[in-house]
Each structure stands twice: as C-alpha cells, then as structure tokens.
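Using the sequences and the hints given, assemble the complete structure.
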Amino acid sequence: MLLLIPLLLYPAGANKNRIPTSTDRHLKLIPTMKVSPLLQLLLALLAVSQVAGQTDTDILNFALSLECLEAQFYSCAATGQPLSAELTANGPAPIGCKKANLTVPFQLYANEIAQDETNHVKLLRGALGSAAVPCPLVDIGPAFGAAANAAFNKTLIPPFDPYANNIFFLHGGFIFEDVGVTAYAGAAPLITSKDYLGTAARILAVEAYHAAILRTLLSQIANVTVVPYGVQVYQIVDAISKLRGTVDGSNGQDDQGIIFNGTVNLVPTDNNGLVFTRTAAQVLPIVYLGGKGGGGFFPDGLNGSIK
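Basically the working numbering = 1-based index in the sequence shown + 1231.
Be careful, since some hints might not be right.
[To be verified] With a straight-line cut-off of 20 Å between C-alpha atoms, the simulated EDC-like cross-links for lysine to aspartate or glutamate are:
#1 Lys1330 x Asp1392
#2 Lys1353 x Asp1392
#3 Lys1538 x Asp1287
#4 Lys1425 x Asp1287
#5 Lys1385 x Asp1469
#6 Lys1353 x Asp1469
#7 Lys1523 x Asp1501
#8 Lys1353 x Glu1343
#9 Lys1425 x Glu1317
#10 Lys1329 x Asp1347
#11 Lys1473 x Asp1501
#12 Lys1353 x Asp1287
#13 Lys1330 x Asp1347
#14 Lys1538 x Asp1289
#15 Lys1353 x Asp1289
#16 Lys1329 x Asp1392
#17 Lys1330 x Glu1343
If you're looking for bench data, these hints aren't it; they were derived computationally from the structure.
As structure tokens, then:
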C-alpha cells in the first residue's frame, strides 16, 4: 500500500533519469549515487521542513491516489473488473485491466488482497469526504512490462505480464508491496492526527501481511526457472528489488530480495530488525518509473497537491 508518504521535492534535472516506457526505444537504469550519513541526516531534516506546509488532508489525498493503483491492480487481477465509479469518484478507467490466469489457491489470495485494498480506498474516501480527489489514471498493463525491461536492462520477449500466471502475478504484486510498507514507516512521524496515525498503523500491518504472503510464496519457488525468460524466480525478484533501490537514490540500502547473504530473506529489515523507510522523493520515481510529475504506473501523475 503506497500510503501517507513523507514529502520531498525532486532534485533539479531528475526527469533526465526517467525509465523509458514501452513506447521508448532504449532502456537505461538510473545511475546510483552514494550518500554519506551526514547528507542522509540533512536530507531527513529537509524532509521535515518541506512538509510543514502540508495538511493531513493533503497527505491523505496523496495516499488515496496511491491506494487507487494497488486496488485497481488487485481488483482487475481477481475479477477482471476495475473499481466502481463510486469508489474512483468517476476517475478514468485503468489501462490494461484484465483477469489474471490463476489457479484456485492463488485466486483466493488475489480475492482477499483485492478486498483489503478496496476497503482502504473506501476508508480514505470516507475520511476525506468532499475533500477527496478522484482516482488518477493508472497504467496496470504496459507499465509492468516497462518496469520489468528496466529491471533487466533489456526488452523482454514476450513482454512481462502480471496477469499471465501465478508466478508473474506474485512478481507484479511484489513491485508494489514492499514499497508501501516502507512508505508507511517513513510517514508515521508526519501525521498530526492521532486518529489518522492509529489507522495508518493498522493499515501498515495489513500491508506487511500482504508483503509477507508474496515473499513467502515466491521463496517457496525461488529456484524455479521462469519460461520464457530462462531465469529463476529469485532472480526476477532480485532484479525488481535492485531497480527500486536504484531509482529511489538509496544505492540499494532500503530494499532486499528474497535471498539475502545467501539465505532466505522473508522480512527485509535493517541492522536493528526494523523495516526500511522511504520518502515521497524515493517512492515517486518508483511508481513513475523514473519520470517527474507522471509516467509509469501514473501516466498523468497523481491527483491532489502532492505529486
């Protein structure tokens, strides 16, 4: 769940590093950058100063736009149908919505996660009332292929399709879930309302459950070779993890695959056993696939004042 994310402005020139979508001819990974502990501290202080002018309503609307992405994906995968017009506030239909080709156990997983995500959209829209923004346009089709191409730094043939089978569905969900957990963790200090903070903590727990389900299922088939790409399941997971840790500017310090230091890694944590955190400046390049102001999973950007 990509919710309640701390707010940072993009550095000048960030759009030069945009990850190409399926319409671009060449794919390049965003260059990594090493950040000193002192600079990390300064960036954290900058984050606090920059969010001072944002209200809980602004943050919740940012959360709502991001919630719409996951809810649309899981709803389409589970049922073949997008969210209702009532839930999206007459927002545009998603790009690439279709029913996933799932076996019975995986269909049940998709059903449950879709219901949770739909309920989160309902919750946020209800909390915001008339201040709620419509769901933005989301790309839950070609954008997955573009993300996979960027992760492997080449054009995959056929294009990656998260609706094709059980394994690809898990990989598709994996792109989002860990990001949501880190976003919640980073947002907690910025929420002023105790009621909202309590709700966010409970949603964070749900999202951690979702991430754990996907990571566990993927770890159980980690060494299975994925046809037609000729790579193993864990290698796809690792490529996605490295891409996220590259485009967010952390140099891979806030993301881990399902194999870490040669052993199974179901729970990605730091040296203190705590989940990683991300700011908006780190989350947005992931969902925008490196774009600035839009692109990737949000072709026209998010709705609301934070985007």
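Hints and how they fare:
{"no.": "1", "hint": "Lys1330 x Asp1392", "verdict": "11 Å, holds"}
{"no.": "2", "hint": "Lys1353 x Asp1392", "verdict": "28 Å, violated"}
{"no.": "3", "hint": "Lys1538 x Asp1287", "verdict": "15 Å, holds"}
{"no.": "4", "hint": "Lys1425 x Asp1287", "verdict": "11 Å, holds"}
{"no.": "5", "hint": "Lys1385 x Asp1469", "verdict": "15 Å, holds"}
{"no.": "6", "hint": "Lys1353 x Asp1469", "verdict": "33 Å, violated"}
{"no.": "7", "hint": "Lys1523 x Asp1501", "verdict": "29 Å, violated"}
{"no.": "8", "hint": "Lys1353 x Glu1343", "verdict": "15 Å, holds"}
{"no.": "9", "hint": "Lys1425 x Glu1317", "verdict": "28 Å, violated"}
{"no.": "10", "hint": "Lys1329 x Asp1347", "verdict": "19 Å, holds"}
{"no.": "11", "hint": "Lys1473 x Asp1501", "verdict": "16 Å, holds"}
{"no.": "12", "hint": "Lys1353 x Asp1287", "verdict": "17 Å, holds"}
{"no.": "13", "hint": "Lys1330 x Asp1347", "verdict": "18 Å, holds"}
{"no.": "14", "hint": "Lys1538 x Asp1289", "verdict": "10 Å, holds"}
{"no.": "15", "hint": "Lys1353 x Asp1289", "verdict": "17 Å, holds"}
{"no.": "16", "hint": "Lys1329 x Asp1392", "verdict": "11 Å, holds"}
{"no.": "17", "hint": "Lys1330 x Glu1343", "verdict": "15 Å, holds"}
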